[in-house]
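Chains as they are written, first to last, in this note's numbering: chain A, 1 to 316; chain B, 1 to 270.
Keep in mind the hints are simulated off the structure, nothing from the lab.
One should not assume that every hint holds.
Said to hold, decoys possible - Distance ranges between label pairs, derived from CB positions:
no. : chain 1 : residue 1 : chain 2 : residue 2 : range
1   : B       : Val29     : A       : Leu159    : 38 to 46 Å
2   : B       : Thr103    : A       : Gln59     : 30 to 38 Å
3   : A       : Glu46     : B       : Ser131    : 25 to 33 Å
4   : B       : Asp162    : A       : Val138    : 40 to 48 Å
5   : B       : Gly129    : A       : Leu62     : 43 to 51 Å
6   : A       : Tyr96     : B       : Gly41     : 28 to 36 Å
7   : A       : Ala89     : B       : Ile21     : 48 to 56 Å
8   : A       : Leu159    : B       : Gly129    : 36 to 44 Å
9   : B       : Gln156    : A       : Leu3      : 27 to 35 Å
10  : A       : Ala49     : B       : Gly97     : 27 to 35 Å
11  : A       : Gln85     : B       : Pro133    : 32 to 40 Å
12  : B       : Gly41     : A       : Ala25     : 32 to 40 Å
13  : A       : Val140    : B       : Arg175    : 37 to 45 Å
14  : A       : Leu119    : B       : Gly41     : 48 to 56 Å
Backbone N, C-alpha and C fix where the C-beta goes; we use that ideal spot for every residue, glycine too.
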Amino acid sequence: MALVLVKRLAQGCMTLLLVSGFVFAATNLLPGDVAAALLGEHATPEALAAIRRSLGLNQPALYRYWIWLTHFVSGDLGTSLANGQPIGAIVAIRFYNTLFLAAVTAAVSVPISILLGALAAAHRGRWLDRMVSGATLVLVSVPEFFLGYLLIMLLSRYLAVFPSMAQIPPDASLTQHLFAIGLPVLTLALGVMAYLVRMVRAAIVEVMSASYIEMALLQGASEHEIVLRHALPNVIGPLINIIVFNLAYLVVGVIIVEVIFVYPGIGQLMADAVAARDVTTAQACALIFAVTYVGLNITADLVATLTNPRLRVRAA
Amino acid sequence: MLLRSVSWAGTVSLGVIVTYIVLAIFAPVLAPHGEAEVVGGAWISPDMQHWLGTDGLGRDMLSRVMYGGRRTMSIALAVTVAAFLLGTLLGLSAAIGRSWLDTVLSRTVDGIMALPSLIVALLVLSVLGSSIPGLIGVLAVLDATRFFRLSRAIGQDIMSRDYVEVARLRGESIRWLITREVLPNATSVLATEFAIRFCAAVLQVSALAFLGLGVQPPSADWGSMVNENAIAINFGIAAPLFPAAAIAGVTVSLNVLVTALSDTSRFARV
Numbered sequence: 001m002a003l004v005l006v007k008r009l010a011q012g013c014m015t016l017l018l019v020s021g022f023v024f025a026a027t028n029l030l031p032g033d034v035a036a037a038l039l040g041e042h043a044t045p046e047a048l049a050a051i052r053r054s055l056g057l058n059q060p061a062l063y064r065y066w067i068w069l070t071h072f073v074s075g076d077l078g079t080s081l082a083n084g085q086p087i088g089a090i091v092a093i094r095f096y097n098t099l100f101l102a103a104v105t106a107a108v109s110v111p112i113s114i115l116l117g118a119l120a121a122a123h124r125g126r127w128l129d130r131m132v133s134g135a136t137l138v139l140v141s142v143p144e145f146f147l148g149y150l151l152i153m154l155l156s157r158y159l160a161v162f163p164s165m166a167q168i169p170p171d172a173s174l175t176q177h178l179f180a181i182g183l184p185v186l187t188l189a190l191g192v193m194a195y196l197v198r199m200v201r202a203a204i205v206e207v208m209s210a211s212y213i214e215m216a217l218l219q220g221a222s223e224h225e226i227v228l229r230h231a232l233p234n235v236i237g238p239l240i241n242i243i244v245f246n247l248a249y250l251v252v253g254v255i256i257v258e259v260i261f262v263y264p265g266i267g268q269l270m271a272d273a274v275a276a277r278d279v280t281t282a283q284a285c286a287l288i289f290a291v292t293y294v295g296l297n298i299t300a301d302l303v304a305t306l307t308n309p310r311l312r313v314r315a316a
Numbered sequence: 001m002l003l004r005s006v007s008w009a010g011t012v013s014l015g016v017i018v019t020y021i022v023l024a025i026f027a028p029v030l031a032p033h034g035e036a037e038v039v040g041g042a043w044i045s046p047d048m049q050h051w052l053g054t055d056g057l058g059r060d061m062l063s064r065v066m067y068g069g070r071r072t073m074s075i076a077l078a079v080t081v082a083a084f085l086l087g088t089l090l091g092l093s094a095a096i097g098r099s100w101l102d103t104v105l106s107r108t109v110d111g112i113m114a115l116p117s118l119i120v121a122l123l124v125l126s127v128l129g130s131s132i133p134g135l136i137g138v139l140a141v142l143d144a145t146r147f148f149r150l151s152r153a154i155g156q157d158i159m160s161r162d163y164v165e166v167a168r169l170r171g172e173s174i175r176w177l178i179t180r181e182v183l184p185n186a187t188s189v190l191a192t193e194f195a196i197r198f199c200a201a202v203l204q205v206s207a208l209a210f211l212g213l214g215v216q217p218p219s220a221d222w223g224s225m226v227n228e229n230a231i232a233i234n235f236g237i238a239a240p241l242f243p244a245a246a247i248a249g250v251t252v253s254l255n256v257l258v259t260a261l262s263d264t265s266r267f268a269r270v
């Protein structure tokens, strides 16, 4: 058992290392490097060479990767190409804001999704199920900014419930903070729920149609007993796995949503950095997103291993 | 009853998709105004003359939505076709070819798919700078991973069937195996995946354009039109909602159609 966990964790660390290598390679081995981005189109070869030397770009790529990675792990994210400021300080505040947004979204969307998914599964094939499937299919298909601007129009302009821009004053209290992010949370939650509800429904339908449930039914077990003793223990593992896996969606959805609502998170920071071709900041943001995303996926994988007795035995 | 209701939704979405295609192809003929033509004041409300009003520079919104669809959908189509060719070719090669080839390709694809594609696209475009060929290239490579996994799985499945075994024992070449045995049997699954990936490509192209990458002004495309008009929403002007709704219209219709078709074929088989 412990061996399996260690093995999975080691695999996860390997993936993280590969991903960091990929993020480094994407910005360092492509044509058009940091020096060119910094100087623009009218750079002379001499100026380019000078900049490359001062940025250490004349060192071998593998050596630069090692320096970059070790500095990153120790918290030194380098300096921004756009304004020369250290990236770490800006990223820390922005990342906290993004995590806050993601945490509130998860707290709202997870319970509702489980409830709706379970209801749809219980009413399989009937009108409630079909309405939920239809609504989630539409929500999966529409772009985030359509939902976002529609919600601004309805809830900010017409009903004046929430502010249209998620600006957070430096000394905002928790309630003010929560109120300010009402619309981004709603937009993200609708996006996450669309996937989550469908998967929760599928997981429950699968467990309920398993042969041991049928067996219990035939043995005359009460509905109460079937749900609590047979279905629930078998569905919890897949459910947690699905939830963690879907939270990874937030990592992607959050970029667009932060731009829509001008929310000072790390997604907005990355979008601005990419537009300004501030490669070092974009790289730092990308690595943080990547580590979060891969970390969540590894967690989902670990949860699946821990909660599935069959996987445990086979892997050992 | 279920079948009939699904087909009904499917028919409507098919109609919507055909309308989009016609509008995109004939935009220069059908659009009431030019793409960059200034026709009046900024953000005029929709009226009889300008059905969707005007944008921030006083250009006709309806015309720009039509031209924008033409550009967004043709970029998305280019991404999907390139991804399909690249992914399917490599996927089938991995399924049919030597095992080391399969290992190398599969591990590479796993690596790319370990990251969210929007992050990778943003990162690569921050270095390359925003250009349409760059945009198409990056998204095509990222999307090809999906086609790779699917076509590899299909290829492996079909390669283990008896009729392929017979053809192999007959001494047929790998090319013959792919074109005569594997592809005809994989068409419907690959076509469905193509539609789903096209949908995803429209969303990705629009998302990147919304973030300011890709199409440059004054050319219209749905994502950058949302971005250009975003500020108007604070004054209660619906301008950014029109291009956004145009995207939603085509992606929802495609997804509904794909679901309807797969339901129909499932019922037909039973």
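For this session: Check the following: the C-beta atoms of valine 140 (chain A) and arginine 175 (chain B) are separated by a distance inside 37 to 45 Å.
Result: 38 Å, holds
For this session: For valine 29 (chain B) and leucine 159 (chain A), compare the CB-CB distance with the range 38 to 46 Å and indicate the outcome.
Result: 42 Å, holds
Exercise. Is the gap between the beta carbons of leucine 119 (chain A) and glycine 41 (chain B) within 48 to 56 Å?
Worked result: 50 Å Cβ-Cβ, so the 48 to 56 Å window holds.
Problem set entry | Outcome for the supplied range 32 to 40 Å, where the beta carbon pair is glutamine 85 (chain A) and proline 133 (chain B) | For glutamine 85 (chain A) and proline 133 (chain B) the Cβ distance comes to about 33 Å; the hint holds.
For this session: Evaluate the given range 27 to 35 Å for the C-beta pair formed by glutamine 156 (chain B) and leucine 3 (chain A).
Result: Between glutamine 156 (chain B) and leucine 3 (chain A), where Cβ atoms are some 31 Å apart, the hint holds.
Exercise. Holds or violated: 48 to 56 Å for the Cβ distance of alanine 89 (chain A) and isoleucine 21 (chain B)?
Worked result: 50 Å, holds
Exercise. Between tyrosine 96 (chain A) and glycine 41 (chain B), does the beta-carbon spacing fit 28 to 36 Å?
Worked result: 43 Å, violated
Problem set entry | C-beta pair leucine 159 (chain A), glycine 129 (chain B): status relative to the range 36 to 44 Å that was hinted | 42 Å, holds
Problem set entry | aspartate 162 (chain B) versus valine 138 (chain A) beta-carbon gap, inside 40 to 48 Å or not | Roughly 43 Å apart at Cβ, these two residues keep to the hinted range, so it holds.
Exercise. Is the gap between the beta carbons of glycine 129 (chain B) and leucine 62 (chain A) within 43 to 51 Å?
Worked result: 26 Å, violated
Problem set entry | Distance restraint evaluation - glycine 41 (chain B), alanine 25 (chain A), Cβ atoms, bounds 32 to 40 Å | 50 Å, violated
Exercise. Per the hint of 27 to 35 Å, is the separation of the Cβ atoms of alanine 49 (chain A) and glycine 97 (chain B) within bounds?
Worked result: For alanine 49 (chain A) and glycine 97 (chain B) the Cβ distance comes to about 44 Å; the hint is violated.
Consistency note: the structure conflicts with the earlier hints numbered 5, 6, 10, 12.
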